[in-house]
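J.: The lines below spell out each chain.
There are 4 protein chains.
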Amino acid sequence: MIRLCIYGGSGYTGQELARLLLNHPGAKVVSITSRRFAGVSLADVYPALAGQTELVYTNDPPEALAKNCDLVFLALPHGASMEIAPIFLKAGKKVIDLSADFRIRDVSVYEAWYRTHAAAALIPEAVYGLPELYRKEIRGTRLLANPGCYPTSVILGLAPALRSRLLDPASVIADSKSGVSGSGREPQIGSLFCEVAGGFKADKVGGHRHTPEIEQELSCLAGRPLTISFTPHLLPLKRGILSTIYAKLEKEISTEEVAALYRGFYEKEPFVRICRAGQFPNISSVAGSNFCDIGVTVDKRTNRLIVVSVIDNLIKGASGQAIQNMNIMQGLPEASGLPRTGLYP
Amino acid sequence: MIRLCIYGGSGYTGQELARLLLNHPGAKVVSITSRRFAGVSLADVYPALAGQTELVYTNDPPEALAKNCDLVFLALPHGASMEIAPIFLKAGKKVIDLSADFRIRDVSVYEAWYRTHAAAALIPEAVYGLPELYRKEIRGTRLLANPGCYPTSVILGLAPALRSRLLDPASVIADSKSGVSGSGREPQIGSLFCEVAGGFKADKVGGHRHTPEIEQELSCLAGRPLTISFTPHLLPLKRGILSTIYAKLEKEISTEEVAALYRGFYEKEPFVRICRAGQFPNISSVAGSNFCDIGVTVDKRTNRLIVVSVIDNLIKGASGQAIQNMNIMQGLPEASGLPRTGLYP
Amino acid sequence: MIRLCIYGGSGYTGQELARLLLNHPGAKVVSITSRRFAGVSLADVYPALAGQTELVYTNDPPEALAKNCDLVFLALPHGASMEIAPIFLKAGKKVIDLSADFRIRDVSVYEAWYRTHAAAALIPEAVYGLPELYRKEIRGTRLLANPGCYPTSVILGLAPALRSRLLDPASVIADSKSGVSGSGREPQIGSLFCEVAGGFKADKVGGHRHTPEIEQELSCLAGRPLTISFTPHLLPLKRGILSTIYAKLEKEISTEEVAALYRGFYEKEPFVRICRAGQFPNISSVAGSNFCDIGVTVDKRTNRLIVVSVIDNLIKGASGQAIQNMNIMQGLPEASGLPRTGLYP
Amino acid sequence: MIRLCIYGGSGYTGQELARLLLNHPGAKVVSITSRRFAGVSLADVYPALAGQTELVYTNDPPEALAKNCDLVFLALPHGASMEIAPIFLKAGKKVIDLSADFRIRDVSVYEAWYRTHAAAALIPEAVYGLPELYRKEIRGTRLLANPGCYPTSVILGLAPALRSRLLDPASVIADSKSGVSGSGREPQIGSLFCEVAGGFKADKVGGHRHTPEIEQELSCLAGRPLTISFTPHLLPLKRGILSTIYAKLEKEISTEEVAALYRGFYEKEPFVRICRAGQFPNISSVAGSNFCDIGVTVDKRTNRLIVVSVIDNLIKGASGQAIQNMNIMQGLPEASGLPRTGLYP
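Residue numbers (the working numbering), protein chains in the order written: chain A, 1 to 345; chain B, 1001 to 1345; chain C, 2001 to 2345; chain D, 3001 to 3345.
These are calculated hints, taken from the structure and not from any lab test.
Some hints here could point you the wrong way.
Said to hold, decoys possible - Partner residues are not named here, just some residues of chain A that face chain B (Cβ under 8 Å, in silico):
no., residue
1, Gln52
2, Val56
3, Lys238
4, Lys251
5, Thr341
6, Leu343
Where a beta carbon is used, it is the ideal one built from N, C-alpha and C, also for glycine.
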C-alpha cells in the first residue's frame, strides 16, 4: 500500500484527490495539510466524506511529512510548489506537482509568464504528465509536472492532427470554456453564486498563463514552433471544460478519415473516447469521470478542422490525471481508483 | 454472477440502475428495455456510458426476458408494474418494483390515491423495501416494493423519534424539496430548464400521492394511526431531496439526547449518517451517494422537534436503494456496488 | 425631484436601490457611499449600469452627505445603522433603514437577538415599513424601519388569516427558502457558486434573527402573543423567497372562502396578488418585480391552513419595498419607479 | 396608440413581446394568438403577468386579426411566416417577422439552408432589421425581417472592423454561446433542466442555419464575399448570447485604436456599448435589457483581432429588437418601451 501525502488539501483539487483516493485499492492518504484547517478533520470541512475517513488536517513541516510517505501531491498555488518540492525530493520521495511550476521546460518562458523560479535546476528532470503522450517518461520520473486543465483539453484535442501534419500551425485557435471550480475555493466576488449564475464571460483574452504551456506541447507535436490564440471563458457550472478548437487544414481529408485517425491514435488509451463522426461531446458526459471525450469535423466550406474536447477539470484536468500519473509511476494498473461512470444527470 | 433485467430503462431511474450496476462486482445487467429506444445502444442514449457497456435496448416481451434473468427491476410508471410483475413472478424470478404499485398494504387506500389494482392478490406478500426497518423481511421476499423518494427521506427522518414515542402523532408536518430528476425524463414544459432555473414552487399542496405511503409507515412506527401534512416543492437542481420535518414533543428532551437517540438507532446502518447536534445536512453532501444524512434539533421555544434529512432522490430515493435491497435479497454484501463518495463540488 | 443618498451602496441591496431608482420619475440618487469603492464609478463596479449613471462612490462623512439630500437609504449591516441614522435625522432628513436596527419595538428583545442598541431613544418613533399594514403611519414618519425579507413574506402570507382569528396562534410554522443574494456580496465560502449550485440546506434551524421580528408583527395581527417555528433555507438561485406556512384552523372554512378573504384583504394593494384557489405561486413569477404572490389551501385531512407566499427578496423584500415606503413618505404615487413586469424566463 | 397583433404568442419570443409591450407608452397589444392556448388568458399561461393584462389567446384567422391592428409581429417557426405575412400585407398592415423567412436576399440560398419559399416575390422589399446598419431603410418598410439572435451578436461585433477593412475576410471565426431560451418552449429532451444544468455542448458544428444570414451581412460590410466558421454552443443559463470572434488583422492597429474605432462607429446608438480597451462584457450585464455590449483586443502575438459581444437573445436578439424596429417604422422614439436596466444579480 503506497503511502501518500496531500500537501495543500483544502482547495478543490486537494479535496478531490482525497475523495478519489478513498476508492483506490493500492494507495492510501496518510497526511493532508492545510494552514487554515489545521487540527480540523477532513470530514468536517467536507461533510460528503463523513464516516469514510479519519484524516485530520495538519500543518506539520514538509520535512516531517516526508518521513511517513512514499509520494506527495502538491496542490499548491503557482510559486509555492517550487519551494516545497525540493524538500520531498531530497528525502527520497516522489513528487507530483499540480501547479505550473515544473511544466515549462524553458525557464525564461516560465519567468516571463509567472515569476522568478526558485528551483530551476529541477526543471530538466521534470516530466510533463500527460500519459497519452509521455507514458514512458512518466514511468521513470521522480518529479512529475501535472498538466493544466485547459492544456489537457487542448493538447489531447489536437495531438493526432498535429502529429499527422494535417494543420497549418499558424492557424490554431482554442476557444475554451471552464466551470467555476477552476477558480478555486478562495472566497472572491467573481466566484460568488450571484455573480456566476446566469452569467458568462471571457476570463482573460489574449494572455492567459496556460498559453505557453499549450504552445510548448503543440509545438512539440507539430515539430515546429507554433503560436495560438487561446481564450478561456467562465461557465456557470461547477465542473468541466469544453474546448472548441479551429485550425486550417493543409491536406484534403474527410470528417470520417479524421475521426478514424483520432480513433487510431487513442486506441489503447483507457481515458480518451472519440465520438462518432459528426457527433460532439457534452461536459455532462464526462463530469465526475476521468474521461476526455473528443468530437471532430471537417468544415468543407472553410477548409478548417473543428475539434471539440471535454474533460472534468478537477479529474482529468487535475486530480484524476495526477492519480493516473501516480499509478504509472508506481507500476499500478493505470486505471486504479479512477472513476469511469461520472454523474449524470 | 446474478443476471438482472431492467424493465423500463430509458427514464432517469432506469438509467441510474444501469449506471450503478456497471460497478457491481456480483451482478450484471443482461437486458434493458425501452419501447422508444428499442435497437439503440444504451451508450448512444447515454453517452456518459460510452465504452463501458455493450447493452442495447430491447422491446422483447417480459416472458422472453424472464427466461434469461434471475431478478428484474421494474422502473415503470405507476399502474404498469402491476401488469408486468406477475409475469416475472410466475417464471420464478424475483421482482423489485420501483413504482408505487405494491407499496400500499391496504388496496382500498391505493385505489383511492392511484387507480384500480390489477394484481391485488400479490400485495400481501410484497415487502416494503426500507432496509433500515425491514431488513429481515426483505431477505426472504420475492416481491419487493421499493420506497418512494420523498417517503424514504421522511420515514428515515422520523423513525427513531416515533419508535421512542417522543412525538405527538397529530402534529407532524413534512416540508420536502426535491430536485427535478424526480419528475422524470419525459419532455414537459414544467421540466424545461427555462421554467425551472431561477424558480421554486410547491409541487402539490395538500394531496401528493406519496402521502398515504408516508402515513402507512409512520403509523406503523408510532403504533397508532397518524395523519400528516406533506408538501413537496421543486428545487432548481438535478438530484436530491431535503425534508424539513416538524413535530410537537410529548416528552422533555434535549437536542443532544435526540441526536444520541438517532445515532443509536442507526448505529449499524451502512447508509445513514447523523450530524452532530446542531449541525444540518446539505443535499450536496449526499448527491451521487447512497447516504441519507440527518440533523436534529429541539426548538425549546416552541417545544418542537425539527429534523432535516437529505438523500439523493435517484440513489437512496430510488435506484441505489433498489440495489441495496437486491443485495439483501441475494445474500450479497449490502453495500456492494453502492457509491459512498458522491460528487462535490 | 427628491434628492436621495444611498448610504452603503456596494452590496446587493444598495446596488438594487440604485438600479431601480434610475427609472424613478420623481426621485434622484445624488450620492452613494462605499468604503471599498470610494472614487470608483458605480458603472465600473456594476457594468449593467454603464452609460446610465454618472454616479461615483464616495466615502464622504454622513454629515456632509446629509446637506445635499432629502432622504437617505441606509443599506448597512445590523448595528451600523443605529450609528448613522441619528446624524441624518439631526440634519432634518428622513431616514429609511434597511437593517434590523429599528424594527423591534422592545429594545430588550432586539438586544437579546442582536446587540446593545446605541440609539434606543429613536425606536419609539420608528415605523415598521410594511405598507399593507402601516400605510398611514408610514406617511408621517421621518424614521422608517424597512422590513426584513423573510418577515415580509411570512407576515403578508398570514395577515388576513390572523386578523380574522382563523388560526391557532401556537401552531404557526414558517418554512422559508431564500435565494443566495440574501447572503450579500461579501466573499465567503458558503456563497461561492461551487458550494451553492446543486446544493440545498437549512440556513439556521430554530434561532434565526428574523424570528422576533416575525413574532412581533404576527402577535400584533393575532391580538395575542404568538411564538413560531421559523426555518430559513438556502436555495440555489439568485433572487426570491418562498415561504410555506402551516397553521391549525380554529374555524371551519373552505379553500375558496380563505382565498376570497385574502383577496378582499389585499383588494386595493398594488403589489399583492392572490392566486386562484388551489393555485400556488412560483418565485419565477415575481423575480424582478415588487409583487408578493400568495396561494392558500385548506388541508381538510389535517385541518390546517397552508399558505405559500413568494417575493423577490431584493425588491419587495428590501430595496423595492424601501422605495414603496419612500413614495408614501414623500406623497408620490405609491407604485412610482417600481417594476411590475419581472423577468421570465 | 398603435394597435398590435402578436401572431404566435405562446413561445418565449411571443411572450417576451407581450411582456415588454406592457410598458410601451405608444403601442398596445390588441390580440395575441396561440393554437394550444386559445381561450386561455395570457396571465394564466404566464403568471408573472397576472393583474397586468386582460389579453386572452385567440385562434382567430389572420384575415380577421388584420382588421383590428396596425402592425403584426410574427413569432412563428421558419416556414410559417411566409404563409401568414402576405395576408397582413394585403390588408394594408405592416409586418415584423421574427423568423428567418425574409432575412436572406438570395432565395436560392434560403432554399438551400431552409426550404422552398412560398412568398419569394416579397423578399426584395423586405428590410433586414438591424437598426445600427439599416435605420433609414427600416423607416420606410412595410415588411421587416427581424435578425436572428446569433447574427445580431456577430454582425454588431464585426461591423466597425469590417467596414474599416481591418480584417482578412477569409479568417473570420465566430464561436457563439447561447442560453437555452433560444431553443424555444416546445418540450424536448434536450431542453430539460436535468439535461442542460451542469452541461455544455456545441449545438451544431459546421452547418448552423444562421450561417448564411451572418455571411450575407458580413460580406456586405466587407464589400466582398466572405465565408465564416460559426459554431453555436448551448449554455446552462436562460438568457443571453456571447460571441467570441477571431479574425486576422490586415493592418497594424492597437487595442486602444480599435476600441476608439468601435466607439466612434456606435457613438449615437442607444443600445450598443463599447467596453474600455482590455475589458470584456458579461452576459449578466445585458440580461433583461436591449443592450449589446462589445469588448475588443488586439492579440499582438498572433496578429488577430478578438471581439467579444453579448446580448440578451430574447431582447436585442429577438423581441426587443423587433420593438426597436417597430418604433423606427412608426416614427416613435426609438428607445420607447425598451428596458435599459436589466436584472442583476
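J.: Hint by hint, where does the structure go against what was stated? Just the numbers, ascending.
T.: 2, 4
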